[in-house]
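Peer 1: Build the full structure now, drawing on both the sequences and the hints.
Position in the sequence shown (from 1) plus 266 gives the number in our numbering.
Among the hints, a few may not be true.
[As the list claims (entries may be wrong)] Estimated spans, in silico, between C-beta atoms of each pair: (1) R310 x P340: 40 to 50 Å; (2) A387 x G439: 37 to 47 Å; (3) W356 x A446: 14 to 24 Å; (4) P457 x A338: 39 to 49 Å.
Hints listed in this document are in silico derivations from the structure and should not be mistaken for laboratory results.
Everything numeric in this text was worked out from a predicted model, so none of it was measured.
Don't be surprised by glycine CBs; every beta carbon is placed ideally from N, CA and C.
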Amino acid sequence: MARRRWLVIGGGSSQFVTKRGQIARETPMKPLAEHMAFYAAYHRDRRNQLTHFVGVPAIAFSILIPMAWAHAGPVSLALLFLLGTLVWYWRLDRTLAITLAIVFLPAWAIAEWIARMPLLAGLSVFLLFFVGGWIVQLIGHVFEGRTPALVDNFLQVLVAPLFLAAEVYFALGLKQELKAEVERLVPRHLPAAALARAQPQT
Numbered sequence: 267m268a269r270r271r272w273l274v275i276g277g278g279s280s281q282f283v284t285k286r287g288q289i290a291r292e293t294p295m296k297p298l299a300e301h302m303a304f305y306a307a308y309h310r311d312r313r314n315q316l317t318h319f320v321g322v323p324a325i326a327f328s329i330l331i332p333m334a335w336a337h338a339g340p341v342s343l344a345l346l347f348l349l350g351t352l353v354w355y356w357r358l359d360r361t362l363a364i365t366l367a368i369v370f371l372p373a374w375a376i377a378e379w380i381a382r383m384p385l386l387a388g389l390s391v392f393l394l395f396f397v398g399g400w401i402v403q404l405i406g407h408v409f410e411g412r413t414p415a416l417v418d419n420f421l422q423v424l425v426a427p428l429f430l431a432a433e434v435y436f437a438l439g440l441k442q443e444l445k446a447e448v449e450r451l452v453p454r455h456l457p458a459a460a461l462a463r464a465q466p467q468t
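Peer 2: Shown next as structure tokens:
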């Protein structure tokens with residue numbers, strides 16, 4: 267039998283009352299914080315975090331190149347993919363979506379330019395950024411001692427740029443409420459050994 271829920275409105279946010287009488291508060295921040303908490307659980311080591319500021323942009327840029335080879339009339343798959351991703355980002359957080367649009371729209375334009383190069387030249391640029399980005403990423407995960415997040419959840423490929431953009435805002439002292447919510451949710455995604463180490467000793 268499907269779980270019945272009743273919507274309760276109050277206090278500027280919605281609440282759902284489950285069949286057992288439990289109240290689960292839903293806020294606009296929750297979906298974004300959940301995605302980011304999953305990603306953050308795989309990136310607790312500072313060295314791993316820093317390598318991702320190199321690896322993630324390199325990989326994200328590289329995958330636009332082969333997508334730019336595929337066209338439906340004047341529109342490339344790269345543009346369709348980018349616009350679809352930005353719409354998803356917009357639904358999660360408009361500030362982060364605008365920030366990433368400022369970064370990725372020029373990257374898309376460069377990818378389109380590279381795609382018009384001779385095939386061997388374009389393929390070489392793609393491999394340089396794609397393979398190089400993954401090497402940097404995997405070095406970071408050696409420090410982390412944990413496999414990349416996308417191994418367990420492929421959606422994290424799209425979450426990674428969002429996470430890095432949020433980290434910049436966190437470092438500037440902005441979006442601290444989101445940061446606190448992410449950190450609150452991280453423990454549920456940590457492996458048992460890491461969670462045990464994080465517990466205070468008595």
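Peer 1: Each hint needs a verdict: does it hold in this structure or not?
Peer 2: So, going through the hints one by one against the coordinates:
1. R310 x P340: 40 to 50 Å: With Cβ atoms ~45 Å apart, the hint holds.
2. A387 x G439: 37 to 47 Å: 43 Å, holds
3. W356 x A446: 14 to 24 Å: Hint holds: Cβ distance 23 Å, inside 14 to 24 Å.
4. P457 x A338: 39 to 49 Å: Holds: the Cβ-Cβ distance is about 43 Å, inside 39 to 49 Å.
Hint compliance for this structure: every hint is met.
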